[in-house]
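Chains as they are written, first to last, in the numbering used here: chain A, 4 to 106; chain B, 492 to 691.
Source of the hints: derived by calculation from the structure; they are not laboratory data. Keep in mind that a hint or two might mislead.
[Unchecked claim] Some but not every residue of chain A turned toward chain B, in silico, with C-beta under 7 Å: (1) Phe15; (2) Asp20; (3) Leu23; (4) Ala27; (5) Leu40; (6) Ala45; (7) Ala60; (8) Arg63; (9) Phe66; (10) Asn68.
The beta carbon of each residue, even a glycine, is placed where N, CA and C say it ideally should be.
Chain residues, written in single-letter form:
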Amino acid sequence: MRRRDVYKQDAFDNYADRLLKHWAFELPLPVNGRARLFVQIAQETKDPILWLNVVLAILRWSFRNLILEPIDIALQPVLYFSDLDMYPTYLTHKGINQHFLCQ
Amino acid sequence: MVGKNLVEDKLDRDLILELQAGELDALGEIYDRHRHLVYRTALAITCDPDMAADLLQEVFLRLHRFAERIDPSRPLQPWLYRMTVNLSYTWIKRKSRWMRYINEMAERIVTERRPASPHNLAERDESWRWVRQAILALPVQQRMVVVLYYINDLSIKEISEILEIPVGTVKSRLHYARKVLKKQLGIHREVLRTVFYETT
């Protein structure tokens with residue numbers, strides 16, 4: 004892939020082109036990159052199931068303990084008490100029974 | 492040039508097919524062929540040699556991981572560019588300003604104590620530091636376009652395809668980036684020119 008069309012080509016463009024290229028090519032490539040790559044691939048392919056299971060276990064634990072449980076605790080009074088208080092007595096289970104028993 | 496590219500594409504295609512068949516040697520071959528492209532792109536965008544080295548590994552790890560999804564009939568270079576640019580962008584976005592500041596401070600302290608490596612020598616050079624600062628002065632979106640255009644010699648159309656943005660957006664980003672670069676490099680132009688001609 005080489006530049007085929009040029010958007011703008013002036014003195015600065017040429018200057019920046021050569022300067023930036025020179026700067027980028029100045030730094031040497033990291034050594035043993037290929038060996039490091041193969042080591043990482045070997046690690047990835049060695050225990051993929053174990054690694055995945057650990058991650059899933061952490062996610063499950065975090066979701067249950069850090070998200071679900073606090074929400075559950077925070078909403079308990081609302082879910083289990085407030086609604087009951089809003090209804091007339093005869094509409095609660097106890098109230099309904101008493102209401103029909105009296106009739 | 493066109494003939495050479497065709498041969499390279501053909502070989503890339505064969506290597507991808509071999510990689511898809513599970514041959515790791517093919518990945519090594521692809522790595523040797525394209526590591527310069529990936530490393531220099533990552534380095535120019537992040538301006539961090541250590542991070543560029545990590546990104547180089549990450550790009551080829553992903554190539555191995557997602558080899559099945561790559562279409563061997565299409566050239567590999569745009570995929571490599573896209574992956575490098577995306578990973579570099581993610582890294583820059585993750586790294587907050589204060590973290591960058593702390594790292595730079597730490598780097599300065601360590602650089603003063605550790606023996607000079609080729610990276611340090613290049614970074615210590617006052618002229619290259621100005622170039623690095625000029626690149627860092629660009630917003631990330633503009634920096635990516637500048638790196639692909641000037642350093643990797645890609646055309647406007649190729650850049651628009653890699654970054655998945657319209658051609659007009661590439662042109663406007665390049666236009667504004669050139670303004671910033673002119674301002675940043677302008678002051679040190681004479682110094683840089685001297686150094687540039689000395690080294691060539």
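Index of numbered hints that the structure contradicts, given in increasing order: Numbers 6, 7, 8, 9 and 10 - these are the hints that the structure violates, sorted from lowest upward.
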